[in-house]
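Peer 1: Could you put the whole structure together from the sequences, leaning on the hints where they help?
Protein sequence lines correspond, in order, to chains V and D. Under the numbering used here, the first sequence is numbered contiguously, ending at residue 547. Under the numbering used here, the second sequence is numbered contiguously, ending at residue 830.
You may find that some hints are simply not true.
[What the hints assert, rightly or not] Listed below are the simulated EDC-like cross-link pairs for lysine to aspartate or glutamate, each with C-alpha atoms no more than 20 Å apart in a straight line:
hint : chain 1 : residue 1 : chain 2 : residue 2
1    : D       : LYS589    : V       : GLU373
2    : V       : LYS61     : V       : ASP487
3    : D       : LYS613    : V       : ASP487
[To be verified] Counterexamples of contact, computed for chain D against chain V with all Cβ distances above 12 Å:
hint : residue
4    : ARG588
5    : GLY696
6    : CYS703
Hint data in this document are derived by calculation from the structure and do not stem from the laboratory. As the structure is a computational prediction, the values presented were derived from the model and not from experiment. The C-beta atom is built at its ideal place from N, Cα and C for all residues, glycine as well.
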Amino acid sequence: MTRRVLLLVVIAAATLHAQQPVTSDRILRADQEPQNWLTYSGSYKSQRYSPLDQIAPANVKNLELQWVFQVRMLGLNDKFEATPLVVDGIMYTVSPPNDVVALDAVTGRVFWRYNHNVVPAARVCCGRVNRGVAILGDRVFMGTIDGHVVALNAKTGEVVWNIALGRPEAGYAVTVAPLVVKDKLILGPAGGEYGIRGFIVALDPKDGHEIWRFNTVPTPGEPGSETWSGDAWRRGGAPIWTTGSYDPELNLTYWGVGNPGPDWNGDGRPGDNLYSDSVVALDPDTGKLKWHYQFTPHDEFDYDSTQVPVFADIQWQGRMRKVLLWANRNGMWYVIDRTTGEFLQGKPFTKVNWLNGFDAKGRPNKILHPTPEGTLVFPNNQGATNWYSPSYSPRTGFFYIPTWADTWSIYRKTPGADSVKYTEGQLFTGGFPVMALPALVPGATNDRLPQDGYGAIQAFDPKTGERKWEFKMNDVTDSGVLSTASDLVFAGGREGYFVALDAKTGTLLWKSMLGGQVASGPMSYSVNGKQYVAVSAGNNLFVFALR
Amino acid sequence: MIKRLFVLAPGVALCALVVATAAPLRAQQHSYTPAEIEEGRKLYDANCGRCHNETGDGVTGVELFKQFRRATSDEDVAKIIREGIPGTSMPSHAFLTSTQALNVVAFLRSMVGVTPAARSSATTTGGPGRGAAAIAGGDAARGKTLFEGKGGCTGCHRVRGNGGQTGPDLSAIGQVRPARGFDPGSPNLPQIERAILDPSADIAPSYRVFQVVTRTGTTTRGTLLNQDTFSIQMLDSTQNLRSFMKADLREFGFVPSPMPSYEGKLTSQELADLLVYLLSLRG
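Peer 2: Set out below in structure tokens:
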């Protein structure tokens with residue numbers, strides 16, 4: 001009887017909350033409503049950590065499928081990369097190309113669907129993808145692969161406004177899940193393979209008008225423009241395609257920036273090419289740069305730094321520091337002071353041969369370059385990790401990295417500033433590197449040799465730099481990682497397995513074969529006291545809970 | 548570094564060169580000049596390689612260097628390149644002229660029979676292989692006699708229907724193909740020579756021998772078809788499809804090529820004869 005009353009109270013509370021619009025204040029205090037998932041990485045700290053603990057190591061073996069949501073059949077290179085948001089029992093997600101859906105998070109039944117009519121001019125280098133929506137007030141916001149941003153009514157799916165952020169004919173596409181900070185919507189365009197010029201913008205959620213813009217490739221005369229030469233800045237790339245983070249105490253928003261263009265031939269862009277392959281810390285009110293750190297100066301290996309900036313507040317050499325943990329596509333993982341941008345540590349998390357160390361300020365000493373005859377580089381072009389969300393558990397203190405381990409590419413180029421011609425709408429990259437692994441999607445079968453690399457989830461202790469464990473997978477992984485307050489880690493991979501691991505030891509506790517590659521970050525929510533874990537794989541979104 | 552590359556790159560073997568030719572494209576419908584093919588290569592690298600990969604098989608289910616799924620004529624392929632395929636990830640490339648699109652087709656046609664292994668390992672400079680010097684004074688007729696007699700090659704390999712079937716068919720091992728990227732093009736002399744002298748250095752996937760040993764001691768050999776973190780799928784030596792859970796296995800992995808090394812077993816003259824004979828086999 002008592003239990004029943006308690007249940008009714010919980011339901012009543014959930015129902016009451018259901019009518020409350022999402023405010024930036026709610027996102028700020030996401031920890032206080034663990035039943036919801038209000039922003040791409042779960043909170044502004046971007047730890048992809050759920051405070052829910054109903055599903056635990058002792059009972060995770062009892063997970064069973066609750067429902068499946070099937071999306072429009074994907075194209076060959078398309079991937080279902082979105083992380084759903086859940087607000088008071090309603091789930092919002094996006095499937096390729098730009099279909100938004102509102103679902104009942106308990107049954108998977110559809111409340112409404114919005115299909116964006118993508119113009120034929122849209123260009124995407126690597127399949128049609130979208131990583132999710134943002135929500136503020138009664139509106140849901142989505143970027144589109146034809147360079148638009150659309151605001152929808154969260155109750156009906158009707159379009160409230162629709163603005164163009166960049167020209168799709170020139171390769172501007174929006175794949176990132178926007179970040180709501182205070183009363184602004186922050187995002188930027190992808191298109192680093194088409195010679196775009198990247199930027200981060202703040203839009204007004206009311207009507208979509210631009211409030212500020214930070215050029216990730218500076219205009220001549222702006223700070224950082226000295227790291228470009230000639231007209232290279234006009235098509236310098238430096239795109240945005242993973243969601244940033246926000247520290248309200250420092251009033252800074254952090255964003256990872258993508259590769260310079262052309263990807264694999266830097267002869268036409270001498271210099272460091274700021275702010276490509278960097279993390280930038282911006283004032284969210286003005287867009288002014290507070291600090292930056294460049295992971296890969298003058299990149300020639302397509303090592304986008306489009307990773308989620310993960311927060312940790314840790315003891316570092318005797319004192320508490322607010323840091324960013326950053327596992328980079330270039331094979332190194334970093335600890336960076338997020339107040340000042342100071343480089344504290346950079347260590348390889350797999351085989352890396354393109355650098356032989358750092359100077360005192362953290363500038364890498366790059367020792368390899370593409371050559372006409374070919375240069376063998378570890379990690380490979382797709383990176384030791386990529387946009388896949390890592391996780392940090394404040395309970396274990398471990399940083400969990402989805403890893404492509406020991407992979408290589410051979411980079412060759414035709415030397416000369418003019419060897420890669422820019423034509424609007426065409427790929428602006430240089431010669432595609434050789435590698436043993438399929439770049440974007442797994443093949444039907446995998447009979448590769450062990451020395452071609454493997455996939456893994458690795459756990460590192462940022463305080464010591466020590467690797468605590470590794471969960472090896474035969475094939476590589478495009479999956480994000482979710483950690484929970486019950487010391488579980490959820491992840492998947494290209495093989496189609498979705499697994500639950502012991503967060504302390506990496507021991508496999510549960511697995512389910514989903515039949516399609518996991519190319520998204522798992523997330524967790526609860527409705528009426530029941531915890532769910534959701535992940536997309538192949539053409540479907542799968543939702544599990546305890547039986 | 549080169550040595551490391553030599554070890555890692557899924558390189559060329561006698562077997563590898565032949566496997567891809569077993570599933571040829573339709574007969575070429577045009578003649579293309581080397582300049583057209585080269586132009587097509589550049590266009591492919593700039594516009595196609597990101598998805599389709601250096602190997603032509605970057606998109607699941609599509610093997611551009613083997614066969615086209617949706618087109619028969621070169622003009623059809625060029626049309627698809629320019630217009631894309633609605634409802635799929637294949638975008639239009641209307642910025643290419645018809646001639647440029649046909650040059651891309653020319654390049655695709657030129658890649659028939661060139662395996663991924665051949666391209667990615669062609670930078671290898673280490674290991675056996677002396678290039679043109681290896682065939683100096685070679686005689687194809689003597690090589691054929693050696694191949695069918697003392698060499699014992701026909702025990703496993705067949706040429707135009709004669710010989711065993713456990714090794715790759717060598718009927719087109721000498722097929723002419725253009726240079727591309729890391730691939731030095733024809734003849735495949737260094738790779739063929741290496742395959743004879745060091746057969747286990749690189750083996751085409753379908754001819755690698757995979758072995759599993761169960762915890763109860765049962766050994767099974769065959770061809771690895773697929774694998775993942777927890778299981779293995781193979782075609783065993785008795786042509787049965789088998790699936791194993793790794794948890795049930797004591798050991799599993801590739802074993803060396805069943806082909807013996809001919810290092811030290813052939814004189815320089817015999818090796819030259821054999822190589823000249825193999826290079827004469829053009830399908």
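Peer 1: Look at each hint and say if it fits the structure.
Peer 2: Now for the hints, and whether the structure bears them out:
1. For the hint linking LYS589(D) to GLU373(V), the alpha-carbon distance of about 16 Å falls within 20 Å, and the restraint holds.
2. Taken as a hint, the LYS61(V) and ASP487(V) pair is honoured in the structure, with Cα atoms around 14 Å apart against an allowance of 20 Å.
3. Simply put, LYS613(D) and ASP487(V) have alpha-carbon atoms about 48 Å apart, too far for the 20 Å limit, and the pair is violated.
4. Its closest Cβ contact with chain V, about 10 Å, brings ARG588(D) to no more than 12 Å, contrary to its assignment away from the interface.
5. Annotated as non-interface, GLY696(D) keeps its C-beta farther than 12 Å from every C-beta of chain V; the closest such distance is 34 Å.
6. Every CB of chain V is more than 12 Å from the CB of CYS703(D) (nearest about 21 Å), matching its label as outside the interface.
Consistency note: the structure conflicts with the earlier hints numbered 3 and 4.
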